[in-house]
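Peer 1: Residue 1 is where the sequence shown starts when you use the UniProt record's numbering, and the numbers rise one by one after that.
Be aware that a few hints might be false.
With a straight-line cut-off of 20 Å between C-alpha atoms, the simulated SDA-like cross-links for lysine to any residue are [unchecked claim]:
(1) K102 / K81
(2) K82 / K101
(3) K80 / G68
(4) K81 / Y97
(5) K80 / R92
(6) K102 / E84
(7) K81 / S69
(8) K101 / A89
(9) K80 / A91
(10) K81 / G70
(11) K81 / E98
(12) K80 / G70
(13) K82 / R66
(14) K101 / A91
(15) K102 / E85
(16) K82 / E98
With beta-carbon atoms standing in for the labels, derived distance ranges [unchecked claim]:
(17) E56 / A91: 34 to 40 Å
(18) A8 / L72: 35 to 41 Å
(19) L90 / R66: 23 to 29 Å
(20) A63 / N86: 31 to 37 Å
(21) R95 / L58: 39 to 45 Å
(22) Q94 / A63: 31 to 37 Å
(23) L90 / E55: 35 to 41 Å
(24) S69 / N40: 34 to 40 Å
(25) V71 / Q94: 33 to 39 Å
(26) L58 / V27: 25 to 31 Å
(27) E85 / T53: 36 to 42 Å
(28) E84 / R59: 45 to 51 Å
Hints were generated in silico from the structure; no laboratory data involved. Predicted model, so just to flag it, every value in this text is computed and none were measured. Virtual Cβ for every residue (Gly too), placed ideally from N, Cα, C.
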Amino acid sequence: MSMETMWAQAVADRQQRLASAEVVSKVLSQNSSNTTFLKNAGIATPSSRSSSTGEETLREEFAVERQGSGVLHQELEQLKKKSEENDEALARTQRQYEELKKQ
């Protein structure tokens, strides 16, 4: 299928006109098994689009996990701070106890 045919078909089907890069990508991927040009030009091939969809899903899952990790990190910091405060209070109480014992 030629580029002109793809553009005409999109117009006839009342679809949004395809971007030039999409049309070139489709035509080149149909006519050639070597997609080095497309990769170097930063144009996704139809097969790489499906993998990029999976990649996008993984990125979203990673972002959710990272966000959860951030929440856990904040909770850990709060617990550390509370533990330090409790240790200081215990040390004060022990000092006071030792002073009272001496009297």
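Peer 1: Compare the structure with each hint and give your call.
Peer 2: Right, here's what the structure says about each hint:
1. K102 / K81: Distance of about 32 Å is beyond 20 Å: violated.
2. K82 / K101: violated (29 Å)
3. K80 / G68: holds (18 Å)
4. K81 / Y97: violated (24 Å)
5. K80 / R92: Given pair K80, R92 holds - Cα atoms ~18 Å apart, limit 20 Å.
6. K102 / E84: violated (27 Å)
7. K81 / S69: Distance of about 18 Å is within 20 Å: holds.
8. K101 / A89: holds (18 Å)
9. K80 / A91: holds (16 Å)
10. K81 / G70: Distance ~17 Å between K81 and G70 Cα, so the pair holds.
11. K81 / E98: violated (26 Å)
12. K80 / G70: Holds, at about 15 Å.
13. K82 / R66: At roughly 24 Å apart (the allowed maximum being 20 Å), R66 and K82 break the hint.
14. K101 / A91: holds (15 Å)
15. K102 / E85: Given that 20 Å is the threshold and the Cα spacing comes to 26 Å, the pair is violated.
16. K82 / E98: The given pair, whose Cα atoms are some 24 Å apart, is violated under the 20 Å limit.
17. E56 / A91: 34 to 40 Å: violated (53 Å)
18. A8 / L72: 35 to 41 Å: violated (56 Å)
19. L90 / R66: 23 to 29 Å: violated (36 Å)
20. A63 / N86: 31 to 37 Å: Taking Cβ atoms as reference, A63 and N86 lie about 35 Å apart, which means the hint holds.
21. R95 / L58: 39 to 45 Å: violated (55 Å)
22. Q94 / A63: 31 to 37 Å: Since Q94 and A63 have Cβ atoms about 47 Å apart, the given range 31 to 37 Å is violated.
23. L90 / E55: 35 to 41 Å: Cβ of L90 to Cβ of E55: about 51 Å, so the range 35 to 41 Å is violated.
24. S69 / N40: 34 to 40 Å: 36 Å Cβ-Cβ, so the 34 to 40 Å window holds.
25. V71 / Q94: 33 to 39 Å: Given about 35 Å between the Cβ atoms, the range holds.
26. L58 / V27: 25 to 31 Å: holds (30 Å)
27. E85 / T53: 36 to 42 Å: violated (49 Å)
28. E84 / R59: 45 to 51 Å: 37 Å Cβ-Cβ, so the 45 to 51 Å window is violated.
Checked against the numbered hints listed earlier, the structure breaks hints 1, 2, 4, 6, 11, 13, 15, 16, 17, 18, 19, 21, 22, 23, 27 and 28; every other hint is satisfied.
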